[in-house]
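Student: Sequence:
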Amino acid sequence: GFGQLLAENSTLLSLNFAENPAADCGLMALNLERNRTLTSLILDGGGGGGRKVMWALQRNRGLKRLELTNFIMDEDAAYNLNNALKRNNTLQELLYPAKGAAQCPTRFLERMIVGLKQNITLTTLSLSGQPVGSLLPALAESMRLCPIASLDLSRTGLGHHPAAIPTLCEVLRTNTR
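In our numbering, the protein residues as written are 471 to 647.
One thing to keep in mind: the hints can contain errors.
Once the Cα atoms are required to be at most 30 Å apart in a straight line, the calculated BS3-like pairs of lysine-lysine come out as [said to hold, decoys possible]: (1) Lys556 to Lys587; (2) Lys569 to Lys534; (3) Lys534 to Lys587; (4) Lys587 to Lys569; (5) Lys556 to Lys569; (6) Lys556 to Lys534.
Hints are computed from structural coordinates only; laboratory data are not their basis.
Given these sequences and hints, build the entire structure.
Tutor: If you want it as structure tokens, here you go:
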């Protein structure tokens with residue numbers, strides 16, 4: 471099937487799986503960990519397949535860019551993404567934008583942000599549209615160690631959190647890597 475093709479393929483560099491059923495993501499994840507040539511993966515929707523993709527990302531050694539547009543994270547997917555951010559040493563870009571009602575629960579975002587503390591390769595992070603205002607202190611702490619060079623916090627409602635701007639200033643001041 472498709473998972474086996476993905477494991478054996480040595481020419482595919484980018485795969486856009488947006489707007490496909492989450493079950494397809496689960497099938498693809500089964501062999502994502504063995505693929506070494508895929509450098510960019512775009513998914514959306516989430517669901518049951520998200521857990522498997524995040525698990526495979528822990529072991530994948532080629533992916534540099536992961537885009538999770540409108541990706542609804544569950545407890546298992548958040549746990550596996552946290553571990554992937556700690557262990558994966560090739561991922562450079564993580565784009566996790568939300569549009570409309572597809573925001574990730576804050577507790578799952580927090581788990582992801584904590585995983586950044588042990589990541590030394592991620593340079594681009596987009597949390598556009600996600601409810602990150604209350605998580606800026608955790609993001610500031612993670613960015614002291616993670617070399618983020620490009621940060622997208624558009625449409626995050628930072629104006630609704632009184633401490634957001636001072637905390638964001640602290641994030642920028644402490645991100646010196």
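Student: Can you name, in rising order, the numbers of the hints this structure does not satisfy?
Tutor: none
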